[in-house]
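*Asks:* The opening position of the sequence shown corresponds to residue -6 in this note's numbering, with each subsequent residue numbered one higher.
Since the hints were derived computationally from the structure, they do not count as laboratory data.
Keep in mind that a hint or two might mislead.
Claimed, not checked - BS3-like, lysine-lysine: derived pairs with alpha carbons at most 27 Å apart:
#1 282 to 126
#2 305 to 129
#3 209 to 55
#4 54 to -4
#5 16 to 39
#6 24 to 41
#7 286 to 305
#8 39 to 24
#9 305 to 126
#10 24 to 55
#11 41 to 54
#12 55 to 39
#13 209 to 126
#14 204 to 129
#15 41 to -4
#16 147 to 204
#17 126 to 147
#18 209 to 129
#19 16 to 41
#20 -4 to 24
#21 126 to 204
#22 305 to 282
#23 16 to 55
#24 361 to 305
#25 -4 to 16
#26 41 to 55
#27 332 to 305
#28 16 to 54
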Amino acid sequence: MPKRDYYEVLGVARNASEADVKKAFRRLAMKYHPDRNTGDAGAEAKFKEVKQAYDVLTDAKKRSAYDQFGHAGVEAGAGGFGGPGDFAGGSFQDIFGDVFGDIFGGRGGRRTGRGADLRYDLSLSLEEAVAGKDVKIRIPTLVECQFCGGSGAKPGTKPKTCPTCSGAGQVRMQQGFFSIQQACPQCRGKGQIIEEACPHCRGRGRLQEDKTLSVKVPPGVDTGDRIRLAGEGERGEHGGSAGDLYVQVQVQEHPIFTREDSHLYCEVPIGFVVAALGGEMEVPTLDGKVSLKIPAGTQTGQMFRVRGKGVKPVRDSVVGDLICRVLVETPVNLTERQKELLREFDTSMQEGGSRHSPQESTWLDGVKSFFERMGF
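Turn these sequences into a full structure, and let the hints steer you where they fit.
*Replies:* Next up, the structure:
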């Protein structure tokens, strides 16, 4: 009888991923496994077929040959890789070991854990953030123990292979039909046991110490930006690679400027005489002073833009602007003579009608119309 197409056997598409193939195999193997179908020759035959399809389609070389030449590409004696072999009544442990091993930690081998990433909060003034600077930071971290070379064993000794897992770092546990892998309880997944711990690091392979690092802060950084220093985090256990250090930028509040992306904002108080007659005044920027022209009749809240006096962000080449918001200031602590002059001024303003206070006139007209609609 001709063999069925392996993709058809598993019920997957020809472009199915390895994960899809494994998922289909688990479902069918659960259904047809001889342990669950005692004495059923048909189920055993289907299980063998499913297992053969799985063996080929999860092996990259075999799958490639099968896709090109069909069954001939993977059969012995036909220039292939050799047949997948017959199933001789293996247990669930034998069949599912490689499938569940991918989920529960691979197929053995001692692991050395990567060290933890660290975070350092760096506070900068607005001027420092905009201009950029080189700073020195001091951080506490775990480094490799120089006495034991990171092994955790007493100098002059070496860790020994764990007798429980034979150095694999994992053991298989049978749970009903399933066999799953988990970290070895004796060596805790390390694959090795330290009989005599290093007295300096107490078997951890790492020591805590402070270290000083240079951080180059690029111009234009803002609150929330992170600078990554690769390999400057904690050293991993027992020779594992180090994590990274992330420098988190926090820009302090400024007494004059507020930053939004590439623009700077500031409030500029002016006297009502300058607002009425117009004038010129100096306003600050981060690199000096500039002259700002105030036209006659300027109202409070009016914005004036000074081009190119903002910030050049880290991720943009365009420099923003400085935007000045005018606040017309009401005079206080007036003398009697000043109050008298203001009353004379107000009288003359009323003689001119609404042309001197167009906003007030428009507002009053709106209020009058509102009252009429409401019947007040």
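*Asks:* Each hint should be assessed against the structure and marked as holding or not.
*Replies:* Hints versus structure:
For the proposed pair residue 282 and residue 126, the alpha carbon gap of about 23 Å is at most 27 Å, so the pair holds. Only pairs whose Cα atoms come within 27 Å are accepted, and residue 305 paired with residue 129 is accepted, the gap being roughly 24 Å. Taken as a hint, the residue 209 and residue 55 pair is broken in the structure, with Cα atoms around 51 Å apart against an allowance of 27 Å. For the hint linking residue 54 to residue -4, the alpha-carbon distance of about 20 Å falls within 27 Å, and the restraint holds.
As the CA atoms of residue 16 and residue 39 are separated by approximately 17 Å, the hinted pair is consistent with the 27 Å bound. Straight-line distance between C-alpha atoms of residue 24 and residue 41 comes to about 12 Å, which keeps the hinted pair within the 27 Å bound. Distance restraint check for residue 286 and residue 305: the Cα-Cα separation of roughly 25 Å lies within the 27 Å cut-off, and the hinted pair is therefore satisfied. For the proposed pair residue 39 and residue 24, the alpha carbon gap of about 10 Å is at most 27 Å, so the pair holds.
Between residue 305 and residue 126, the direct Cα distance comes to roughly 15 Å. Compliance with the 27 Å bound is thereby established for this hinted pair. For a cut-off of 27 Å, the pair hint linking residue 24 to residue 55 stands: about 25 Å separates their Cα positions. Pair hint residue 41 plus residue 54 holds up; C-alpha atoms about 21 Å apart against a cutoff of 27 Å. Between residue 55 and residue 39 the CA atoms are separated by roughly 21 Å; this keeps the pair inside 27 Å, and the hint holds.
With a C-alpha separation of about 6 Å, the suggested pairing of residue 209 with residue 126 holds against the 27 Å cut-off. Restraint check for residue 204 and residue 129: satisfied, since their Cα atoms lie roughly 10 Å apart, inside the 27 Å limit. Distance hint between residue 41 and residue -4 is fulfilled; the C-alpha atoms sit about 12 Å from each other, no more than 27 Å. Proposed proximity of residue 147 and residue 204 is supported: the alpha carbons are some 25 Å apart, at most 27 Å.
With a C-alpha separation of about 44 Å, the suggested pair residue 126 and residue 147 falls outside the 27 Å cut-off, and the hint is violated. Between residue 209 and residue 129, the direct Cα distance comes to roughly 9 Å. Compliance with the 27 Å bound is thereby established for this hinted pair. For the suggested pair residue 16 and residue 41, the alpha carbons sit about 17 Å apart, so the restraint of at most 27 Å is met. For the suggested pair residue -4 and residue 24, the alpha carbons sit about 20 Å apart, so the restraint of at most 27 Å is met.
Of the supplied pair hints, the one linking residue 126 and residue 204 holds, its CA atoms being roughly 20 Å apart against a limit of 27 Å. Proximity of residue 305 to residue 282 is assessed by CA-CA distance (about 18 Å); at most 27 Å being required, the pair is judged to hold. Our distance criterion of 27 Å between C-alpha atoms is met by residue 16 and residue 55, whose separation comes to about 19 Å. With a C-alpha separation of about 49 Å, the suggested pair residue 361 and residue 305 falls outside the 27 Å cut-off, and the hint is violated.
The suggested pairing of residue -4 with residue 16 holds, with an alpha-carbon distance near 22 Å, which does not exceed 27 Å. For a cut-off of 27 Å, the pair hint linking residue 41 to residue 55 stands: about 17 Å separates their Cα positions. Straight-line distance between C-alpha atoms of residue 332 and residue 305 comes to about 48 Å, which puts the hinted pair past the 27 Å bound. For the hint linking residue 16 to residue 54, the alpha-carbon distance of about 20 Å falls within 27 Å, and the restraint holds.
This entry does not satisfy hints 3, 17, 24, 27, going by the numbered hints stated previously.
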